[in-house]
Amino acid sequence: MSAARETVLGRVRDALALAPPARTTVPRAYRTGRLLPDEERLGLFTDRLTDYRATVLTCTADGTAAAVGRALADRGARRVGVPAGLDRSWLAGWDGEVFEDSADVPPRDLESLDGVVTGAAAGCAETGTVFLDASPDQGRRALSLVPDLHVCVVDLSTVEAGVPEALARLVTGRPTTLISGPSATSDIELERVEGVHGPRTLVVVVRTDA
Amino acid sequence: MSRAGTPQSTNTFLGMPARPPRVPYGEGNLRGEQAFPRAAAGELRNEQLRRNLGRATGTIRGKRIAVTAELPDWEELRDAGAAIKTDALARLPELLEELERRVTERGGTVHWARDGAEANEIVTRLVRATGSDEVIKVKSMATQEIGLNEHLEQAGITPWETDLAELIVQLGHDRPSHILVPAIHRNRDEIREIFLREIPGVDPGLDAVPEHLAAAARAYLREKFMTTRVAVSGANFGIAETGTLGVVESEGNGRMCLTLPETLITVMGIEKVLPRHQDLEVFLQLLPRSSTGERMNPYTSLWTGVTEGDGPQDFHLVLLDNGRTAALADSVGRQALNCIRCSACLNVCPVYERVGGHAYGSTYPGPIGAVLTPQLAGMHAAADDPNSSLPYASTLCGACYDACPVKIDIPSLLVELRHQKTEETGRSAERLAMRAAAAVMGRPRLWTAAQRTARLGRAVAGRDGTIGRLPRPLSGWSDTRDTPAPPAQTFRDWFASAEGAAALREAAREGERRSADGPAHGDDQQEDQ
Ligand code: SF4
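Taken in order, these protein sequences are the chains called H and F.
Numbering follows this note's numbering, with no gaps: position 25 of the first sequence is 25.
Numbering follows this note's numbering, with no gaps: position 520 of the second sequence is 520.
No wet-lab data here; the hints were simulated from the structure.
Take the hints with a grain of salt, since some may be wrong.
Listed below are the simulated EDC-like cross-link pairs for lysine to aspartate or glutamate, each with C-alpha atoms no more than 20 Å apart in a straight line [what the hints assert, rightly or not]: (1) 224(F) - 203(F); (2) 407(F) - 75(F); (3) 407(F) - 73(F); (4) 224(F) - 153(F); (5) 224(F) - 314(F); (6) 224(F) - 262(F); (7) 63(F) - 191(H); (8) 407(F) - 134(F); (9) 63(F) - 314(F); (10) 224(F) - 109(H); (11) 224(F) - 148(H); (12) 224(F) - 198(F); (13) 63(F) - 189(H); (14) 407(F) - 330(F); (15) 63(F) - 194(H); (16) 224(F) - 133(F); (17) 407(F) - 118(F); (18) 63(F) - 47(H); (19) 63(F) - 75(F); (20) 63(F) - 51(H); (21) 407(F) - 70(F); (22) 224(F) - 111(H); (23) 407(F) - 79(F); (24) 224(F) - 134(F).
Model the full assembly from the supplied sequences, consistent with the hints where possible.
This is how it looks when you write it as structure tokens:
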């Protein structure tokens, strides 16, 4: 192993030997395992996402195609990308061109898309966050990043009250992206501007009975 | 320099543990060119800066208070956050080895760097191996600290900062002045001028509307994202249990850099390791609320090694010491390594609000910078080492402690560093201290602007909690007369009072006189390395 590795680890051990730390137990008295009724979770989730200037549409599972179709049509999308594992019936209410993404498509090609439709692994109501973990219905990370419009379909049953509950739904080790509203910057005089490099528009379609 | 030994060997058997070295003098961006008081005096004349800063810090402060008040378990989260970090530092050797193992299992390569120079070399070598002569960069304090951009440029590699604020700083040939919003000292008109001057092919009719300025940056950087094959990032945390790394951001430039290139190189300070995946549930609540005052930042990216068909297929993690083990060797000072770089302490600090980040001369400004910088890079006995003055760049009002999501007791650390400095160099720091005091003391509004107050008793008590004499900068005064009994008033009130102001002015004058009396001791003594 490298000399630098041994040196750094040796220094860490020396430091701890010179000033031995006390044993610490981590108190986890913060809220975990919260269960909120559907309506409250939906209300909170919608409120938080809207606060981030995302758009929220709610629908039943049967109404998914209509909601997704409306989200795309209202924003003038003509050509949208989808991950290979997306339920195609969700696009049945839309007459534009569907482009199925795959790993060998150069990211550059994703720039010509008007938008992208993906599923989600989980959601967090309290923070207005959707979690994508690159499952087949969510696709690789570049797909939900490069196009300017992201329509994300989330089942209310996967939306948890808080951050600990939502994180517990993740399969660790997968490439994961937490998305809270559209891309934004506040770097110029702290004035919030949506859409610097990521999608400028985020529409979250919440399916209430799926 | 090298401490040989297998991972199993403990130094108990090899002899006395050695004090780990600080960052070599003159390396990286952990030392300014002039002492804080002098730098501050210059910045104090900058009305524009003060207006920008005042508005910005006030806004973030308000948002942070609102969103932290929203969580009934905020204090419990802080307790957990502080304990997780303390526990992680206590178990650092095993956690670093575990992190290394997990990252390697997932197809990544781990490198170790004793200091910034070594980290810069490693990154340069890795970039060269790809054949690329440019890299895109995610905003990162660690690479800023080690001066990676300057190093890459010397090696003929062009680094492109992609965070909007970092881009403004880079194009403006400037230095960052805030951890979170590095271009906080620039207003929209200045940014417009920088863009017009520096971005090739920019629309000459560009106006100063933030939305249009952001759009110009978007157009400029899109091409870079699509064509650059190597990215360099920092990390907000590295999880030992799973080998997962995390970057928290807003603009999506981070996602672009972490996702599109073929090679990703992440430089991470060794103190950023977290034991368990579960710990994210604490830090993903503490960090966004404390830093931008948002419930959650727009984007958080988590990745573990490489994943086929998704993201860079070549991943390198560079674990950086650069003075961190020196800080770790101090049972009091090591607390500063708990810092998650949220910048909350900057935004509540009355001194930072007046002088801005450049006066601190370090990548880490504000209250945390005033304790972290001297610990990483030392307070050299050389006369006028700017870092010697940093522990005095504070009113000890306690606002930073209250704001800190991981409960770092910055005021006590400042007092501790002042004690250390006194012991080390005798009187040489005094002059600087007095100037620091004088620079702010003539401006009582500074004190009344303090967000919250700590009792004078705590502010002056040493490590043992007793008040023998006043700490610097007031000791020059208190050594020669009875220390006034700690008033029942708060420190801020005392400062605001005519009595406090007069006492402090007197202290400053006397300090100047005393230091003019004779040469300081210990100026030629070298730092302990
Ligand atoms: S010291 Fe605390 S408040 Fe300051 S930047 Fe670090 S974590 Fe944030």
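Structure-based check of each hint:
1. At most 20 Å may separate the alpha-carbon atoms for a hinted pair to count; residue 224(F) and residue 203(F) meet this at roughly 18 Å.
2. Of the pairs offered as hints, the one joining residue 407(F) and residue 75(F) holds, with about 10 Å between alpha carbons and a cut-off of 20 Å not exceeded.
3. Restraint check for residue 407(F) and residue 73(F): satisfied, since their Cα atoms lie roughly 15 Å apart, inside the 20 Å limit.
4. Simply put, residue 224(F) and residue 153(F) have alpha-carbon atoms about 17 Å apart, close enough for the 20 Å limit, and the pair holds.
5. Our distance criterion of 20 Å between C-alpha atoms is met by residue 224(F) and residue 314(F), whose separation comes to about 19 Å.
6. Under the criterion of a C-alpha separation no larger than 20 Å, the hint pairing residue 224(F) with residue 262(F) is consistent with the structure, at around 13 Å.
7. The straight-line distance between the Cα atoms of residue 63(F) and residue 191(H) is roughly 13 Å, inside the 20 Å bound, and the hint therefore holds.
8. Restraint check: the Cα-Cα separation between residue 407(F) and residue 134(F) comes to about 40 Å, which exceeds 20 Å; the hinted pair is violated.
9. Taking the CA atoms of residue 63(F) and residue 314(F), the gap is near 39 Å; set against the 20 Å cutoff, the hint is violated.
10. The suggested pairing of residue 224(F) with residue 109(H) holds, with an alpha-carbon distance near 15 Å, which does not exceed 20 Å.
11. Of the supplied pair hints, the one linking residue 224(F) and residue 148(H) holds, its CA atoms being roughly 17 Å apart against a limit of 20 Å.
12. Distance hint between residue 224(F) and residue 198(F) is fulfilled; the C-alpha atoms sit about 15 Å from each other, no more than 20 Å.
13. Simply put, residue 63(F) and residue 189(H) have alpha-carbon atoms about 15 Å apart, close enough for the 20 Å limit, and the pair holds.
14. Distance check on the hinted pair: residue 407(F) and residue 330(F) sit about 18 Å apart at the alpha-carbon level, within 20 Å; holds.
15. For the given pair, residue 63(F) sits about 18 Å from residue 194(H) by alpha-carbon distance, which is consistent with the 20 Å threshold.
16. For the suggested pair residue 224(F) and residue 133(F), the alpha carbons sit about 12 Å apart, so the restraint of at most 20 Å is met.
17. Taken as a hint, the residue 407(F) and residue 118(F) pair is broken in the structure, with Cα atoms around 32 Å apart against an allowance of 20 Å.
18. Our distance criterion of 20 Å between C-alpha atoms is met by residue 63(F) and residue 47(H), whose separation comes to about 17 Å.
19. Proposed proximity of residue 63(F) and residue 75(F) is supported: the alpha carbons are some 17 Å apart, at most 20 Å.
20. Only pairs whose Cα atoms come within 20 Å are accepted, and residue 63(F) paired with residue 51(H) is accepted, the gap being roughly 13 Å.
21. Proximity of residue 407(F) to residue 70(F) is assessed by CA-CA distance (about 19 Å); at most 20 Å being required, the pair is judged to hold.
22. Distance check on the hinted pair: residue 224(F) and residue 111(H) sit about 14 Å apart at the alpha-carbon level, within 20 Å; holds.
23. Taking the CA atoms of residue 407(F) and residue 79(F), the gap is about 8 Å. The hint holds against a cut of 20 Å.
24. Under the criterion of a C-alpha separation no larger than 20 Å, the hint pairing residue 224(F) with residue 134(F) is consistent with the structure, at around 9 Å.
Checked against the numbered hints above, the structure breaks hints 8, 9, 17 and satisfies the rest.
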